[in-house]
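Residue numbers (numbering that gives the first Met the number 0): 0 to 246.
What the hints contain is simulated information worked out from the structure, not anything from laboratory work. All of these numbers come straight from a predicted model, not from anything done at the bench. In this text, a Cβ means the ideal position worked out from N, Cα and C, and glycines have one as well. Some clues are possibly wrong.
Unchecked claim - Derived CB-CB ranges, DEER-like:
1) G17 to R131: 41 to 47 Å
2) L79 to R155: 45 to 51 Å
3) T196 to R99: 32 to 38 Å
4) A93 to A206: 21 to 27 Å
5) R99 to E16: 17 to 23 Å
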Amino acid sequence: MAVVRLIRVRGSSPRGEGTAMYVSSQMQFGTIGGGRLEHMAVAVAREILCSGKKAALLDVPLGREIGQCCGGRVEVEIFLMDEATRATALHADAQSRLERPAVLIFGAGHVGRALAEALAPLPFATSLIDSRVDELAQATVRVVHHLTPLPEAILRDAAPGAAHVVMTHDHALDFLLTAEALKRRDARYIGLIGSATKRVRFERFAAEHDIVTEGLTCPIGAGGSGDKRPELIAAFAAAEIAATLTG
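Use the sequences and the hints to build the structure in full.
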């Protein structure tokens, strides 16, 4: 296995300094930005793997010379991975996964399952939570599943900075969970599925219980289009959540 790492970036570049990818004779893991730069770096990495050469250094202008238009310049180090480098990379990957922001989806109905599907490949720790066995069973995507009659307990135990997305089968439960999320005052994102009318009703409920609704997104995914198909609502909501958690 060879390591390909950006060690210096000047001007505009698809990825920043320190970005690394890993290249074997047949596969590659990660990306330094794609395009001709990555193609060149992968070719050199595989030459190193075949020849046994220890390392190489590329100084690449990201312009017409290589058919890219970023306009910057990067230095790329390429070297064979040893056991110490492998251990460091595995530790960094494990640490990165532990630090991923949590996204808690309350409700495994059509939109909840579609949202879990949309978020699954993204760098978040996504959980799908419901009290209904049959609905959770239809969610085949690889995110954490919680079958529980007390979703509010999971919400209360969530780490600070999580995203809470409420879309259960019960409006009263929606209001309870949304209120609990707002009371925490430490969520990065709180979303409630529904319409403008549902928002008004929740605002009235919140006022009666002295709950501040600042930071609530309702309806979710409304910045996309008016299309009500679950997959499209989920796509727009996933973009909204990702923008908030990574912004």
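Tested hints:
no.: 1; hint: G17 to R131: 41 to 47 Å; verdict: holds (44 Å)
no.: 2; hint: L79 to R155: 45 to 51 Å; verdict: holds (49 Å)
no.: 3; hint: T196 to R99: 32 to 38 Å; verdict: holds (35 Å)
no.: 4; hint: A93 to A206: 21 to 27 Å; verdict: violated (45 Å)
no.: 5; hint: R99 to E16: 17 to 23 Å; verdict: holds (22 Å)
Taken one by one, the earlier hints fail for this structure only at number 4.
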